[in-house]
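The whole structure should be built from the sequences, with the hints applied where relevant.
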Amino acid sequence: MPSAFSAVRLKVQLKLTVNRLKMLQAKKKSLNNKIRKELALLLEAGKEESAKIRVERVILEDFHTEALEILELYCELLLARFGYIEQISQCDPAILEAVHTIIYAGTRISEVKEFLSIRDQFAAKYGREFVLGALDNRDNTVNPRIIHKLQVHTPEPFLVNQYLLDIAKAYNVDWKPDNESLVSDLISNSEDLLHDMPALATSQIEEPQESKNQESSESELPHEFPHTPANHPKADTHTKPNPENSGLPDFDELTRRFEALKKRN
Numbered sequence: 001m002p003s004a005f006s007a008v009r010l011k012v013q014l015k016l017t018v019n020r021l022k023m024l025q026a027k028k029k030s031l032n033n034k035i036r037k038e039l040a041l042l043l044e045a046g047k048e049e050s051a052k053i054r055v056e057r058v059i060l061e062d063f064h065t066e067a068l069e070i071l072e073l074y075c076e077l078l079l080a081r082f083g084y085i086e087q088i089s090q091c092d093p094a095i096l097e098a099v100h101t102i103i104y105a106g107t108r109i110s111e112v113k114e115f116l117s118i119r120d121q122f123a124a125k126y127g128r129e130f131v132l133g134a135l136d137n138r139d140n141t142v143n144p145r146i147i148h149k150l151q152v153h154t155p156e157p158f159l160v161n162q163y164l165l166d167i168a169k170a171y172n173v174d175w176k177p178d179n180e181s182l183v184s185d186l187i188s189n190s191e192d193l194l195h196d197m198p199a200l201a202t203s204q205i206e207e208p209q210e211s212k213n214q215e216s217s218e219s220e221l222p223h224e225f226p227h228t229p230a231n232h233p234k235a236d237t238h239t240k241p242n243p244e245n246s247g248l249p250d251f252d253e254l255t256r257r258f259e260a261l262k263k264r265n
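All letters in the sequence shown, in the order written, are residues 1 to 265 by the UniProt record's numbering.
Wrong hints could be hidden among the right ones.
[Claimed, not checked] Straight-line C-alpha distance at most 27 Å; calculated BS3-like pairs for lysine-lysine:
id, residue 1, residue 2
1, Lys113, Lys28
2, Lys11, Lys28
3, Lys37, Lys169
4, Lys113, Lys15
5, Lys169, Lys27
6, Lys52, Lys29
7, Lys47, Lys113
8, Lys47, Lys34
9, Lys22, Lys11
10, Lys169, Lys28
11, Lys52, Lys37
12, Lys29, Lys15
13, Lys11, Lys37
14, Lys11, Lys169
15, Lys22, Lys176
16, Lys11, Lys34
17, Lys176, Lys34
18, Lys113, Lys37
19, Lys169, Lys52
20, Lys52, Lys34
21, Lys22, Lys34
22, Lys47, Lys28
23, Lys15, Lys27
24, Lys15, Lys176
25, Lys27, Lys113
26, Lys169, Lys15
27, Lys22, Lys113
28, Lys29, Lys169
[Stated by the list, open to error] The calculated label-pair distances, taken between Cβ atoms and stated as ranges, are:
id, residue 1, residue 2, range
29, Lys22, Leu135, 35 to 43 Å
30, Ser6, Arg138, 36 to 44 Å
31, Ile147, Leu31, 22 to 30 Å
32, Glu38, Ala4, 46 to 54 Å
33, Lys176, Leu132, 48 to 56 Å
No lab work stands behind these hints: they were computed from the structure. Predicted model only: the values in this text are computed from it and were never measured. Glycine included, every Cβ here is placed at the ideal spot set by N, Cα and C.
The following block contains the structure:
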């Protein structure tokens with residue numbers, strides 16, 4: 001880990017991470033849509049068991065993609081509130097959840113190597129114990145949705161059937177699961193599974209791009225974004241525009257995005 005904190009390096013790494021997360025989301029969504037088309041063909045050919053096995057990958061990838069979107073927004077939030085990092089020695093509550101969540105997720109998402117550099121910068125800024133606490137989620141400050149989305153588990157039968165139903169509907173395939181098993185799954189699992197079900201619904205396949213953007217992982221935003229504390233010391237960034245900050249996300253715009261996405265839940 002680095003011996004000295006560099007605000008410039010951290011800011012650069014956050015920007016690079018945002019770009020990489022955007023590209024990864026686009027790549028995963030494109031690949032999953034391709035697999036969905038193949039699953040529709042399997043259902044049409046009566047190969048239901050093969051479709052059920054393959055759709056599990058689609059479900060887990062949708063969970064992973066939603067986690068990437070949450071992390072992207074957290075990185076943008078830190079860029080918008082970068083003064084909290086530069087001017088305060090301890091991690092301010094206004095950014096604590098974002099920082100802890102990024103550290104926690106960084107070691108679990110191998111595709112984004114920038115997360116490791118970001119973790120090292122936070123270790124240099126806040127100390128090794130701070131980072132270890134985030135990795136273990138000692139204070140339960142890591143976003144619970146991220147924890148759930150990054151878990152590797154076998155999707156429940158109800159979720160598998162629901163995905164295949166959506167795929168069949170999107171591609172006009174006449175397929176329905178066995179009624180008895182579907183009703184049983186609904187009774188035992190529907191409340192929990194509907195809450196946790198990836199928001200990247202297969203119904204987005206045939207919709208125009210604008211609708212796709214609206215239907216993507218809106219329900220999986222951080223459950224509550226931290227508010228700016230009233231007793232926070234005055235920062236220079238509030239009194240003068242900083243040329244270095246050009247291109248950084250506008251905080252008001254981020255807030256609008258958070259609220260708009262949560263309303264679509």
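A quick look at each hint next to the structure:
no., hint, result
1, Lys113 <-> Lys28, "holds, 17 Å"
2, Lys11 <-> Lys28, "holds, 26 Å"
3, Lys37 <-> Lys169, "holds, 12 Å"
4, Lys113 <-> Lys15, "holds, 13 Å"
5, Lys169 <-> Lys27, "holds, 24 Å"
6, Lys52 <-> Lys29, "holds, 19 Å"
7, Lys47 <-> Lys113, "violated, 39 Å"
8, Lys47 <-> Lys34, "holds, 18 Å"
9, Lys22 <-> Lys11, "holds, 17 Å"
10, Lys169 <-> Lys28, "holds, 22 Å"
11, Lys52 <-> Lys37, "holds, 14 Å"
12, Lys29 <-> Lys15, "holds, 22 Å"
13, Lys11 <-> Lys37, "violated, 40 Å"
14, Lys11 <-> Lys169, "violated, 45 Å"
15, Lys22 <-> Lys176, "violated, 35 Å"
16, Lys11 <-> Lys34, "violated, 35 Å"
17, Lys176 <-> Lys34, "holds, 21 Å"
18, Lys113 <-> Lys37, "violated, 31 Å"
19, Lys169 <-> Lys52, "holds, 16 Å"
20, Lys52 <-> Lys34, "holds, 16 Å"
21, Lys22 <-> Lys34, "holds, 19 Å"
22, Lys47 <-> Lys28, "holds, 25 Å"
23, Lys15 <-> Lys27, "holds, 19 Å"
24, Lys15 <-> Lys176, "violated, 45 Å"
25, Lys27 <-> Lys113, "holds, 17 Å"
26, Lys169 <-> Lys15, "violated, 39 Å"
27, Lys22 <-> Lys113, "holds, 14 Å"
28, Lys29 <-> Lys169, "holds, 19 Å"
29, Lys22 <-> Leu135: 35 to 43 Å, "violated, 25 Å"
30, Ser6 <-> Arg138: 36 to 44 Å, "violated, 26 Å"
31, Ile147 <-> Leu31: 22 to 30 Å, "holds, 24 Å"
32, Glu38 <-> Ala4: 46 to 54 Å, "holds, 51 Å"
33, Lys176 <-> Leu132: 48 to 56 Å, "holds, 50 Å"
The structure fails hints 7, 13, 14, 15, 16, 18, 24, 26, 29 and 30 (numbered hints given earlier, in ascending order).
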